[in-house]
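Chemist: Which chain is which? The protein sequence lines are A and B, in order. Read left to right, the first sequence gives residues 2 to 228 (the numbering used here). Read left to right, the second sequence gives residues 124 to 348 (the numbering used here).
These are computed hints drawn from the structure, not numbers from a lab. Where is the CB? At the ideal position from N, CA and C, for every residue including glycine. Heads up, some of the hints might be wrong.
What the hints assert, rightly or not - With a cut-off of at most 35 Å between alpha-carbon atoms, the simulated DSBU-like pairs for lysine-lysine come out as follows:
#, chain 1, residue 1, chain 2, residue 2
1, B, 157, B, 132
2, A, 156, A, 105
3, B, 208, B, 304
4, B, 209, A, 68
5, A, 137, A, 105
6, B, 209, B, 304
7, A, 68, B, 132
8, A, 56, B, 208
9, A, 72, B, 157
10, B, 132, B, 256
11, B, 132, A, 137
12, B, 304, A, 72
13, A, 56, A, 181
14, B, 162, B, 256
15, B, 256, B, 209
16, B, 162, B, 304
17, B, 209, A, 72
18, B, 162, A, 137
19, A, 105, A, 56
20, B, 208, B, 157
21, A, 137, B, 209
22, B, 132, B, 304
23, A, 105, A, 72
What the hints assert, rightly or not - Output of the computed footprint for chain A on chain B, the stretches with three or more beta carbons under 8 Å from beta carbons of chain A:
#, stretch
24, 137 to 149
25, 246 to 252
26, 279 to 287
27, 303 to 314
Unchecked claim - Cβ pair distances, simulated, as ranges:
#, chain 1, residue 1, chain 2, residue 2, range
28, B, 181, A, 71, 56 to 64 Å
29, A, 200, B, 304, 27 to 35 Å
30, B, 348, A, 226, 36 to 44 Å
31, A, 223, B, 304, 49 to 57 Å
32, A, 140, B, 336, 29 to 37 Å
33, B, 169, A, 95, 38 to 46 Å
34, A, 29, B, 336, 43 to 51 Å
35, A, 5, B, 256, 52 to 60 Å
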Amino acid sequence: MSEDITSLIKENVIQGRVTADDEGMDEGLVGQPGVTELVEQALADGVSVADIINKGLTAGMSVVGEKFEAKEYFIPDMLASAEAVGNAMEILEPYLTQSGISAKGTILVATVKGDLHDIGKNIVSILLRGAGYIVKDLGNDVEPQAIVEAVRAEKPQFLGLSALLTSTMVHMGETIQALKDNDLRDSVKVVIGGAPVSEDFARSIGADGYGADGFQAVAVVESLSAA
Amino acid sequence: MTTVSEHIKVEINEGRILRDVGYDTSCEPPARMKTLVHKYVQNASQLINPVYSYVIRDIDFVIGSNVFVEDGAIFQSRVISGLLKKCEQVAVFALTIDGYLEEAVSHLTDNGLVVHARVLDAIGSDAAEQVAKHVQHVVTQRAHALGLSTSRRFSPGYCDWDVDQQRMLFRSMNGSSAFIKLTDECLMIPQKSISGIIGIGASECGIESYNPCRTCCRHECPGRR
Numbered sequence: 002m003s004e005d006i007t008s009l010i011k012e013n014v015i016q017g018r019v020t021a022d023d024e025g026m027d028e029g030l031v032g033q034p035g036v037t038e039l040v041e042q043a044l045a046d047g048v049s050v051a052d053i054i055n056k057g058l059t060a061g062m063s064v065v066g067e068k069f070e071a072k073e074y075f076i077p078d079m080l081a082s083a084e085a086v087g088n089a090m091e092i093l094e095p096y097l098t099q100s101g102i103s104a105k106g107t108i109l110v111a112t113v114k115g116d117l118h119d120i121g122k123n124i125v126s127i128l129l130r131g132a133g134y135i136v137k138d139l140g141n142d143v144e145p146q147a148i149v150e151a152v153r154a155e156k157p158q159f160l161g162l163s164a165l166l167t168s169t170m171v172h173m174g175e176t177i178q179a180l181k182d183n184d185l186r187d188s189v190k191v192v193i194g195g196a197p198v199s200e201d202f203a204r205s206i207g208a209d210g211y212g213a214d215g216f217q218a219v220a221v222v223e224s225l226s227a228a
Numbered sequence: 124m125t126t127v128s129e130h131i132k133v134e135i136n137e138g139r140i141l142r143d144v145g146y147d148t149s150c151e152p153p154a155r156m157k158t159l160v161h162k163y164v165q166n167a168s169q170l171i172n173p174v175y176s177y178v179i180r181d182i183d184f185v186i187g188s189n190v191f192v193e194d195g196a197i198f199q200s201r202v203i204s205g206l207l208k209k210c211e212q213v214a215v216f217a218l219t220i221d222g223y224l225e226e227a228v229s230h231l232t233d234n235g236l237v238v239h240a241r242v243l244d245a246i247g248s249d250a251a252e253q254v255a256k257h258v259q260h261v262v263t264q265r266a267h268a269l270g271l272s273t274s275r276r277f278s279p280g281y282c283d284w285d286v287d288q289q290r291m292l293f294r295s296m297n298g299s300s301a302f303i304k305l306t307d308e309c310l311m312i313p314q315k316s317i318s319g320i321i322g323i324g325a326s327e328c329g330i331e332s333y334n335p336c337r338t339c340c341r342h343e344c345p346g347r348r
């Protein structure tokens, strides 16, 4: 029974279906329970949170990753699946501690001071949630000091900074400096991204990593996690 | 100086949006994505309110990478000076599709509909690009009527033209770009806005074909033409 529902969760992650209202990669699935309903059902049936995550969500995302590598899936398909997993993780979050399961880590994300572009940040957020991280979004146009305060309060393992303009990417360096000034720099790994940003720029401002796109950002966070 | 607020029929191509959101030209996107894109394209027109203005200025002279324009503006860029030294005039323009679409994108994002938000955002970018093509057409028609030709469009933030040079463009437009706010960081609000220049010169000076991308080694540049 447990196997049945976790298989269904896995299948619906692969289909990228958040709720019963969603169409999947295959047609004719509208009306059948999506990941949200299935996860709620699994919890009601007493299926362990570990099984829901490992046999359902993670197993599903693993197949999605393979399909993306094989060019069977494209960015929106991957995002739809990650969105389904992100929603499921929100439902599961209150049960994680009591189940002895910890998320892979917490990451704060922000678009830096002066910049309002958030599509890239939002895509990275959903992919990170899909990969099993707790993501707290500080929003756009975030002052360095506000980021410092959030790092102090939330104690995240990672901080993701985004900027789309050459005129605003300078505030990434200011934010890192503000972390140093407040003795918080060593407590958090900083990963940056955005169109004008590069590996060289990341190095020059003392960031720990740079993601050229959402998928690379997740890969960088994973590698820093493992280090 | 010309300021225009007119209804422009913006044609959004669904295939182009599917490519913009990430589908390879060689693949067949899933039916659900085609349906989603179709739905948003059908309803996007009520969120798009194109406005543009442009002003045509004489070019006083060009020294090195500096272009001195009649109103006192100075454009600083090797690429732009390379173009404008061949031109007699420059059309400085600004355009937007207004802010309704990006409000809708934010609303979708806030509700966790990131794929939907990505689709609508791509439609907005494409719509702004269509308005820019319209502006190019209008300026070119006007130049042709005078026996002149026009260059491609160039915008600050691309090539070696710094994004903070937008201040010079807005100064040159002398208030006619008031429908767009330029922040201290040179971010245009509404965000689905484009500012830039089009060179105007004699037909024989070859500005129509001026393309710095041909000699640029940044092959991954998103603005490559």
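Chemist: Which hints from the list above does the structure break, by number from lowest to highest?
Modeler: 4, 7, 8, 11, 12, 13, 17, 20, 21, 25, 31
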